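Peer 1: Sequence:
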Amino acid sequence: MLIHPWDAPRDDDEWQRWLGAHDFGQLAVNGAPGEPPHVQPLHFAYDAERGEALAHLARPNPLWSAVEARPEVLLSVVDDYTYVPGPWQAEPGTPPEHGVPTSLYASVQLRCLAHVVDDPAQKAALLNRQLGHFQPEGGSARAAADRAPYGRLLSGIRGLRLEVTGARAKFKYAGKRSEAVRGRIAAGLADRDGARDAAARAHVLRRRPA
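Residue numbers for the sequence shown follow numbering that gives the first Met the number 0, so the first one is 0 and each next one is one higher.
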């Protein structure tokens, strides 16, 4: 992922806060020689203090053998993306049709060392941590290896503790553009009001050049 200086996070707190609110991504795992990587969409719970992300997958998932053979994996998250038409990017004094279309997006890539969790009690603890993230309001029974309703189901899954060993982040929101262009992009996103336009606009306004 190419990261220009104007797209780089201001500090670790910026990407960690963003990742805390974006908990669905794709786990990329090296395949066997001559085979493409495995890419698995999944929910995860990121814990900045512990430097890890938690997930679980069904035991029959084909990526387990690849994880065990090469536990160095990449967790990729992309969101708050949108398309910017060319005329919005034309600098003052240039024809609108000369503006260059682009994409705006936020992306965090975590390089991780994958630890497979098979012990029933440890899997239950992992699931409860995930539930605490996704359902802080409660409403579901706690998982326990020796109790219903989830105890007998634990054998059907394997847990994943992804130990973060490196992180790369990018916030591509017209950081090198003039204030006039950034204002036009923000106004255009507000008027269009597409699925992710509001989130992208908030980044454009928030990440003003120093």
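Read the hints as simulated data drawn from the structure, not as lab findings.
There may be inaccurate statements among the hints.
As the list claims (entries may be wrong) - Now the in silico label distances, taken between C-beta atoms and shown as ranges: (1) Ala120 to Asp192: 45 to 53 Å; (2) Gly131 to Gly92: 49 to 57 Å; (3) Ser154 to Arg9: 43 to 51 Å.
This one's a predicted model, so the numbers in the text were calculated from it and none came from an experiment.
Ideal Cβ positions, reconstructed from N, Cα and C, are used throughout, including at glycine.
Peer 1: Now tell me if each hint is right for this structure.
Peer 2: Outcome of the hint check:
1. Ala120 to Asp192: 45 to 53 Å: holds, 48 Å
2. Gly131 to Gly92: 49 to 57 Å: Hint holds: Cβ distance 55 Å, inside 49 to 57 Å.
3. Ser154 to Arg9: 43 to 51 Å: holds, 45 Å
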